[in-house]
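4 protein chains.
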Amino acid sequence: MKVIADLCVVPIGVGVSVSKYVAACERVLADAGLKTHMHAYGTNIEGEWDAVFNAIKRCHEVVHEMGSPRISSTLRLGTRVDRDQTMEEKVRSAQEKF
Amino acid sequence: MKVIADLCVVPIGVGVSVSKYVAACERVLADAGLKTHMHAYGTNIEGEWDAVFNAIKRCHEVVHEMGSPRISSTLRLGTRVDRDQTMEEKVRSAQEKF
Amino acid sequence: MKVIADLCVVPIGVGVSVSKYVAACERVLADAGLKTHMHAYGTNIEGEWDAVFNAIKRCHEVVHEMGSPRISSTLRLGTRVDRDQTMEEKVRSAQEKF
Amino acid sequence: MKVIADLCVVPIGVGVSVSKYVAACERVLADAGLKTHMHAYGTNIEGEWDAVFNAIKRCHEVVHEMGSPRISSTLRLGTRVDRDQTMEEKVRSAQEKF
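Protein chains in written order, with this note's numbering: chain W, 1 to 98; chain X, 1 to 98; chain H, 1 to 98; chain G, 1 to 98.
Hints are not guaranteed to be accurate.
The list treats identical chains as one, so a pair stands whether inside a single copy or across any two.
As the list claims (entries may be wrong) - With a straight-line cut-off of 25 Å between C-alpha atoms, the simulated SDA-like cross-links for lysine to any residue are:
1) Lys35 to Val14
2) Lys97 to Gly67
3) Lys57 to Glu26
4) Lys97 to Val28
Worth flagging that the hints you see were computed from the coordinates, not collected in a lab.
Put together the whole structure using the sequences plus the hints.
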């Protein structure tokens, strides 16, 4: 089952600047070979369900290892079985109707 | 790694009434032995990371098997390594300060 | 336009314990006369669109006034025009099909 | 109070293809003069609180007027009072630490 997800990891208890933790998660997702697009409030991720969720678990582990005692993430999570769809198609499809 | 999550599964392409799909997900979570609390816009889930995410994957599989061609879920996802915490404690802690 | 929402306010830069900020938001929502139900990962809110969103804005203002330099909230947001629905009905409807 | 938000509007009860509704929301946000960036699972929005939330309300109204009986949206919502920040800075800040 393929999934297109959108992940936003929020480390708590490490002060107001969280960009180094976000960067570490980008590294985890890249190392997992997943297709990603980072935007201003999260990261699009495309891949097989297990690969995506193993990487998300690794993000939490890494951010804790970096010293964050607490994390609150949010995730949007889309699957479909009627046809295959990519992140690029989703954007293009809306832009064409704009 | 323990997680407290909040899951909202939205089946797309099956009409306006989605409660039977929500009920099927509740069944999946209960069968997985997870601690849950259903509210008006999702379900709190408490358990070990892998057990929680195996159940969430199963929810998507079951809702697709029931005939929904597309699903868009949202998930909040909290982990902490400074101390153990339960769903009940989170609620009580805020209520005490009310 | 009536809305059923689910709000989770996460103050950033104030350490690991956030319950007093959550409690302050509960107070704001109660003072606004909104129907609410607090759970382990947010608060269900039912009311007219403008009343709900004025209260959510006030939550952010109050949490900043309490000393939090940064806030990252998440919101689920449901409207329907086919019929009226309450928070209790949403839960009951899924429970009946369980 | 300035806000950086991320909005994902999900029309329910109009079938599996939702791109024309997403495009209509993009039009609403553009007409409101807001700075936006559409990605594969939502749209970043930057602006003053009231302008952003008036536009989000208008998105729900327009999608209902187009025939969708029910909508379930999700929103991430960031405010900060310690300093000004733009969408571009948020992305660049994480990329520099990658």
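Results of checking the hints against the structure:
1. Lys35 to Val14: neither (28 Å within a copy, 29 Å between copies)
2. Lys97 to Gly67: Close across copies (16 Å), not inside one copy (45 Å); limit 25 Å.
3. Lys57 to Glu26: both (13 Å within a copy, 23 Å between copies)
4. Lys97 to Val28: Classified as between; 13 Å across copies, 35 Å inside a copy.
Going down the numbered hints, you'll see the structure goes against just number 1.
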